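Chemist: Sequence:
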Amino acid sequence: MNPVDAFRSAFESRDAAAMAIFAEDVVLHSPAVISQDYSGRELTGRIIGFAAQVLEDVRFTDELHSPDGSSHALVLEARVGAERAQAILYLGTAADRIASITFMLRPLRAVQAFVEAMGSRGAQPALDYAAGAS
1 MNPVDAFRSA
11 FESRDAAAMA
21 IFAEDVVLHS
31 PAVISQDYSG
41 RELTGRIIGF
51 AAQVLEDVRF
61 TDELHSPDGS
71 SHALVLEARV
81 GAERAQAILY
91 LGTAADRIAS
101 ITFMLRPLRA
111 VQAFVEAMGS
121 RGAQPALDYA
131 AGAS
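In this text, residue positions in the sequence shown follow our numbering: the first is 1, and each later residue adds one.
Keep in mind the hints are simulated off the structure, nothing from the lab.
There's no promise every hint is true.
Estimated spans, in silico, between C-beta atoms of each pair [what the hints assert, rightly or not]: (1) Asp68 x Gln112: 29 to 39 angstroms; (2) Ser9 x Arg121: 14 to 24 angstroms; (3) Ser120 x Met1: 24 to 34 angstroms; (4) Asp5 x Asp25: 13 to 23 angstroms; (5) Ala82 x Asp25: 29 to 39 angstroms.
As the structure is a prediction and not an experimental result, all values here were calculated from the model.
Positions of the beta carbon are idealized from the N, C-alpha and C atoms, including for glycine.
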């Protein structure tokens with residue numbers, strides 16, 4: 001299975017252990033949801049695992065690939081609590097691994113509900129640790 005299909009399958013099944021398809025130095029970007037980039041397989045896997053739990057009724061609606069096969073976009077619709085959401089998971093690949101992830105979510109109400117739900121599920125300590133907060 002290629003890394004994009006493996007990521008999609010792991011995200012749909014909420015299987016954080018299957019996130020081993022990340023490169024050791026994978027970088028997670030999320031312009032609207034988190035204020036800095038996070039790197040490393042373990043931390044990125046934990047954060048994506050939390051995100052997969054928070055997004056409910058996930059339905060992938062489109063999949064886009066660059067001509068050279070190094071970048072991919074998974075477009076999805078989901079629910080965050082009572083809020084409907086749309087998201088794009090933009091994946092960069094190298095050497096059959098996910099090397100970078102950019103997570104974009106809309107609309108604003110869904111982003112706000114997502115941030116609140118991530119905190120209530122315990123994601124905040126992982127984010128604080130990565131940011132160097134005590």
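Chemist: CB of Asp68 to CB of Gln112, is that within 29 to 39 angstroms?
Modeler: Roughly 37 angstroms apart at Cβ, these two residues keep to the hinted range, so it holds.
Chemist: Is it true that the C-beta distance of Asp5 to Asp25 lies inside 13 to 23 angstroms, as the hint says?
Modeler: 22 angstroms, holds
Chemist: Kindly confirm whether 14 to 24 angstroms is satisfied by the beta carbon distance between Ser9 and Arg121.
Modeler: Cβ of Ser9 to Cβ of Arg121: about 22 angstroms, so the range 14 to 24 angstroms holds.
Chemist: A range of 24 to 34 angstroms was offered for this pair. Does it hold for the Cβ distance of Ser120 and Met1?
Modeler: Since the Cβ atoms of Ser120 and Met1 sit about 33 angstroms apart, the hinted range of 24 to 34 angstroms holds.
Chemist: I want to verify a distance hint. Is the separation of the beta carbons of Ala82 and Asp25 within 29 to 39 angstroms?
Modeler: Roughly 37 angstroms apart at Cβ, these two residues keep to the hinted range, so it holds.
Checked against the numbered hints listed earlier, the structure breaks none of them; every hint is satisfied.
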